[in-house]
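**Student:** Next come the chains, spelled out residue by residue.
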Amino acid sequence: MKKKSKHEWRANTLPALLMVGPVTAVLALLVAVPLIYVAIMSFCQIDEYYNVVFRFTLENYKRLVSVNYLRTYGQSLIIALLTTVVCILVGYPFSYLIARTKSKKKRLLYMLVIIPFWTNSLIRIYGWRTFLGNSGWLNSALQFLHITGEPVEFLFNRGTTVLGMVYCLIPFMVLPLYTAIEKLDGNLLEASSDLGAKSAQTFFKIILPLTSSGIFSGSIMVFIPCLGFFFVSDILGGGNSDVIGNLIERQFQSGNNWPLGAALSIILILVTLILVKLYQKAGGDMDSLAL
Amino acid sequence: MRRRSKKRIKKGVSVLFCTCVYLFLFLPISVIVANSFNATTSKPYLSWKGFTFNWYIKLFENASLLEAFGNTMFLAIVSTVLATAVGTLGAIGMYRYKFRGKAIIDGLLYIPVVIPEIVLGIALLTIFSKMSVPRGMTTLILAHVTFCIPFVIFNVRARLSGYDNSIEEASLDLGATRVRTFFEITLPVLTPGIAGGALLAFTLSIDDVIISYFVNGQTKTYPLKVMESIKSGVAPDVNALSALILVGTIIFVVLTQTDILKRRK
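As they're listed, the protein sequences go chains A and B. Position one of the first sequence corresponds to residue -19 (our numbering), numbered consecutively onward. Position one of the second sequence corresponds to residue 3 (our numbering), numbered consecutively onward.
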């Protein structure tokens, strides 16, 4: 009896512990504990030196509903929504064309989507600023060609922030769509048109339903990060189009009210949870979010 | 005849559309590369003052920039190795064994993937500060390993789902030890998944701005160095470094890709 349990220990328990132990430790200590700590901190106070004091308060949550903050949440959601819509409208036909091309250069076309993302995202966003700024390249060109006399203010509005977000996040829409569209069975499309369906009908009844998984996972991976990408709205929005991430960043840097920042983070956690639940309800596969 | 010209128009529109998307994707990069040859020496380094290679020489005199780049590479290599090792073991263990709490581990894995990076960043910052862990390279590595692990696990797991357990049993039946079976049977089968996960981890680590921003302390990585210089204008030697990194990665990928193609043949 004792011998058997010893065997069981060596055959199953020990290898299982060795293999799953490290990842469990990382997830527990560096994901679960820190997030729980943030949740606790959101109910804490600060003293006059901005130190966190573990005394219960709802003050941070009361401050979350101030008018200024509400305006930023709304703006942040609008920016994220616009970004997602633009990513779908541009990303879908684009992925469709490169996934179903018969050209030999298909692999190259795919790689060309990824290559820009090997340059650091901050630098690329700064590249947009160099291009669009008042003394930037586009304005210089416009003035040189005498199309405009004065520099046109392209930057520092909601539109340029959305442009930057789309730029940073569009691969997260294109890649899952590409995978979903490539899997489409060409015979199905042929059968549909042979049976007399118009191309619009084939699209809405066959193609769209079969590739909707890609749209769903792409939308999750575009919408959620948008709420936190503070550096995009910093560099291209110039403080005129803050997202929730900017509010949080300020509390952890210069503002230094960590409990308030923690409460603001709770909003982002809740939004994420709700969207992921919706995604799962719609039949979304969680693993495909990370591939 | 009419149908044919309609088809041609359709094709033309498609090509035009895709070209526009590629232009959009490459525009800022072209600006960066072009500006690395800009002879201007006055901030914010925007107006074009002629062509020069000077910034590529200046780059190698900029000790703090080179140090930041070195930090980024060190951080990316160490975190990729650690995340790949821990992630691969974890993925196999979770696939093979049933145990209590598995669903919880699974749920926790999705958090770093879906949650906005800033939330993980401030969560790690607060816990490091609470535990009085001095912020620097160590905390950067811990943070990067944390957000890279799930990507390794999901890639390995995708490979595992088509995995045939019986080859491992055969190896054990033929007298190989568990350890030998793991290194000679299990790992080689999973290699594509592991490599894909590692490459993704490396890319994510090199590019990370937001999480590093909160846990770096005094240690500057290359993206953080860029962030710091944005207020006063990014000097063209930073652009020169970016251009070199881009060329380096393209060469690396071309080499490895052709290698894969050869092996397939």
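Be careful, since some hints might not be right.
What the hints assert, rightly or not - Simulated DEER-style distance windows between Cβ atoms:
no. : chain 1 : residue 1 : chain 2 : residue 2 : range
1   : B       : 63        : A       : 165       : 53 to 63 angstroms
2   : A       : 39        : B       : 249       : 21 to 31 angstroms
3   : A       : 138       : B       : 108       : 30 to 40 angstroms
4   : B       : 252       : A       : 138       : 32 to 42 angstroms
5   : A       : 165       : B       : 230       : 27 to 37 angstroms
6   : B       : 164       : A       : 87        : 36 to 46 angstroms
7   : B       : 41        : A       : 263       : 51 to 61 angstroms
8   : A       : 80        : B       : 252       : 20 to 30 angstroms
9   : A       : 162       : B       : 56        : 14 to 24 angstroms
To be verified - Chain B side only, calculated, beta carbon under 8 angstroms to chain A, not exhaustive:
no. : residue
10  : 95
11  : 186
12  : 246
13  : 249
Derived from the structure by calculation, the hints contain no laboratory data. C-beta atoms are modelled at their ideal positions from N, C-alpha and C, and glycine is treated no differently.
**Student:** Which of the listed hints are not met by the structure?
**Tutor:** Failing hints, ascending: 2, 5, 6, 9, 11, 12 and 13.
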